[in-house]
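Enquirer: Here's the letter readout for the chains.
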Amino acid sequence: MNNKAQAMIIDALFFLMLCGMSAAILAWASSVYGNQALDAYKYLYLMDLETGALETITQSNYMYNGNQLYWIDQLGRYLDGQFNENDDRFKLLLKEWNDTCNVVGAPLVLYVYPESGSLGKTSVCDSSGNCASLQHPLIFTCPFTKQNTKQKSATKTSTLESVLDYMCGSGGTTGYVDLGARAGTNYAHLLFLNTNSGTLSGCSNQNTEPPYYASENFTKLCHDRICDMYTKIYY
Amino acid sequence: MTVPKGLGKHGYLGPIGDDFPSLFPLLLGLLIFFSSLAAAYMVYDNKDATVKSMRANIMISRAVRYQITFDKDYWDFACNLSMGMKLNYNIHLAMWLEYYTKNGFEVVNFGKYSQKYAICPPVSSSTGHQIWGYSLPTSSPTLSSSYLYNQIANITSGRHGIVMSYPVIWVNKTTVSSSGMGGNTQTYNVYVPARLVVVTWK
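From first to last, the protein sequence lines stand for chains A and B.
When we follow my numbering, the leftmost residue of the first sequence carries the number -18, and every step to the right adds one.
When we follow my numbering, the leftmost residue of the second sequence carries the number 147, and every step to the right adds one.
Rather than coming from a laboratory, the hints here were simulated on the basis of the structure.
One or more of the hints may lead you astray.
[To be verified] Derived DSS-like pairs: lysine-lysine, alpha-carbon spacing no greater than 25 angstroms straight-line:
1) K76(A) - K248(B)
2) K76(A) - K319(B)
3) K262(B) - K319(B)
4) K198(B) - K23(A)
5) K23(A) - K232(B)
6) K72(A) - K319(B)
7) K348(B) - K232(B)
8) K23(A) - K248(B)
9) K193(B) - K23(A)
10) K102(A) - K76(A)
[What the hints assert, rightly or not] Distance ranges between label pairs, derived from CB positions:
11) L19(A) - N296(B): 20 to 30 angstroms
12) Q49(A) - D191(B): 21 to 31 angstroms
13) R305(B) - N16(A): 17 to 27 angstroms
14) D205(A) - M205(B): 31 to 41 angstroms
15) P268(B) - L19(A): 43 to 53 angstroms
16) V322(B) - E197(A): 29 to 39 angstroms
17) N46(A) - N226(B): 33 to 43 angstroms
18) F223(B) - C0(A): 49 to 59 angstroms
19) S3(A) - F170(B): 20 to 30 angstroms
20) S3(A) - T247(B): 49 to 59 angstroms
21) T247(B) - G47(A): 36 to 46 angstroms
22) T288(B) - G62(A): 32 to 42 angstroms
Note that the structure is predicted; figures quoted are calculated from it, not measured.
Glycine included, C-beta positions come from ideal geometry on N, C-alpha and C.
Using the sequences provided together with the hints, build the complete structure.
Expert: Right, here's the structure in full:
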C-alpha cells in the first residue's frame, strides 16, 4: 500500500472516531432533554393530584345516623361552632380527609380560609385541653413519611413533625394546635396556627418551607360562608 | 511475463498481506463508530418511549376525568372512550378504580356480588373471570388492588410502563333502612374518595 492510501485510511479512522464522539454527545443530550421533559410532565401530574384532591374532598359525603352529610357543609358547620372537637361529626370530618389522603398518596396540605364575617368558632382545644384562639387558616395535613417527602436542610427524618420543625425552628413546635392527634382517632392531622399578630408563635424560622408545589385557589360554599382553599404538595 | 511490483523484495508479502495489519485499527474504528451510534439510539429511544408513555397517561386521564364522579354508567363510558382513543404512537392502556379500606386498597365493584369490577379493559365474559390473560380470584366479591399491580408489573416489564393514580370519587349506592315504624329503606349516592389508576406502556 502506498503512503497515500495509508493516509486515507488514517483519515477515515479519525472521521469515524469523531462520528462516534458525536454520537456519544447526542446520547448525553437526549438523556438530558428526556429528563427535562419528564420533569415537566411530573409538574403536570402534581397539578392534577392537587386539583383532584380538592374536587374529591369538597364533593365527598358520608352517612351519619341515617343522614347524608357533605364534608364541605360539615366544615362550615364546625366553623360556625355547631359542634366541637369531641363530637362524632368532627371525627368523621377528619376521617374523610384521612381517606382522601390515602387515595392521593402524597404529602398534601390543605389550607382553608373562611370568609364572610366572624366565625362562630373562636377557640380550638387539643386532646390535652390546651386551647388557642382561632386566628389563622385551618390546615389539614396528610401524614408524611420518609418515602414521600424530600427535606431540604432538615436535621430530622422526613415526617410531618420535621416539616413543621423546619418551618418553626427546631423544637419550636408550639406554633400550632394539633387537633388530629386525639385518642382513638389516629387520623391525619388538623392544625390551627396559634397567632395573634400574623407571626407564628414559637416559630423562629417562619416563612420558610421545604420545596412545594401549590395549586390554584378554589372558592367553595361551606354551609353559610365562603371558603377559599388551596393545597400544597411538598416534594 | 510481467512481474508484480515488489515481488522479490525482501519482506514483501503481497498486496493484501502488506495491508493486513492496518485492517485491525480500521475494523476497530468501524466497530466503535457503529457501537456508539447504536448506544446513542438506544438512549434516545428509551427516553422517548418513557416521555411518550407519561404524556399518554396524563392525556388519557384528563380526558377520562372530564367528570370526577364515577358511577357504573360513567365508568363504561370512560372505558370505551379511552380504549377508542387514537394516539400518534402505539401505546397500550389499562386502568381501574380503587378505594381505601382498612385492609388496603380494593378494586371498586359496581355490583356487589356480580363482580362488575371497575377494570378496563373489562373482564371478558366469554373467558370467565379473566383479566389480561390472568384468572381473577372468585372466592369473594372483593379484589385486592395489589393483585392487579402484580399482573400489570408482569405485563409491562421492560416496556416503559408508567403507573399513575388520580383522586376521583366513586359513587357508591348505599341503601339505608330507617329505624322506627315502617322500616322504610332509602338509597343514597355516597361519594367515596377513590383513585383512578392509569397504566400506559409501549
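Enquirer: It remains to establish, for every hint, whether it holds in the given structure.
Expert: Evaluated hints:
no. : hint                                  : verdict
1   : K76(A) - K248(B)                      : holds, 12 angstroms
2   : K76(A) - K319(B)                      : holds, 20 angstroms
3   : K262(B) - K319(B)                     : holds, 14 angstroms
4   : K198(B) - K23(A)                      : holds, 13 angstroms
5   : K23(A) - K232(B)                      : holds, 23 angstroms
6   : K72(A) - K319(B)                      : holds, 23 angstroms
7   : K348(B) - K232(B)                     : holds, 14 angstroms
8   : K23(A) - K248(B)                      : violated, 29 angstroms
9   : K193(B) - K23(A)                      : holds, 15 angstroms
10  : K102(A) - K76(A)                      : holds, 21 angstroms
11  : L19(A) - N296(B): 20 to 30 angstroms  : holds, 25 angstroms
12  : Q49(A) - D191(B): 21 to 31 angstroms  : violated, 53 angstroms
13  : R305(B) - N16(A): 17 to 27 angstroms  : holds, 20 angstroms
14  : D205(A) - M205(B): 31 to 41 angstroms : holds, 40 angstroms
15  : P268(B) - L19(A): 43 to 53 angstroms  : violated, 31 angstroms
16  : V322(B) - E197(A): 29 to 39 angstroms : holds, 36 angstroms
17  : N46(A) - N226(B): 33 to 43 angstroms  : holds, 40 angstroms
18  : F223(B) - C0(A): 49 to 59 angstroms   : holds, 53 angstroms
19  : S3(A) - F170(B): 20 to 30 angstroms   : holds, 23 angstroms
20  : S3(A) - T247(B): 49 to 59 angstroms   : holds, 56 angstroms
21  : T247(B) - G47(A): 36 to 46 angstroms  : violated, 22 angstroms
22  : T288(B) - G62(A): 32 to 42 angstroms  : holds, 41 angstroms
Violation of the numbered hints given earlier is confined to hints 8, 12, 15 and 21; the remaining hints are satisfied by the structure.
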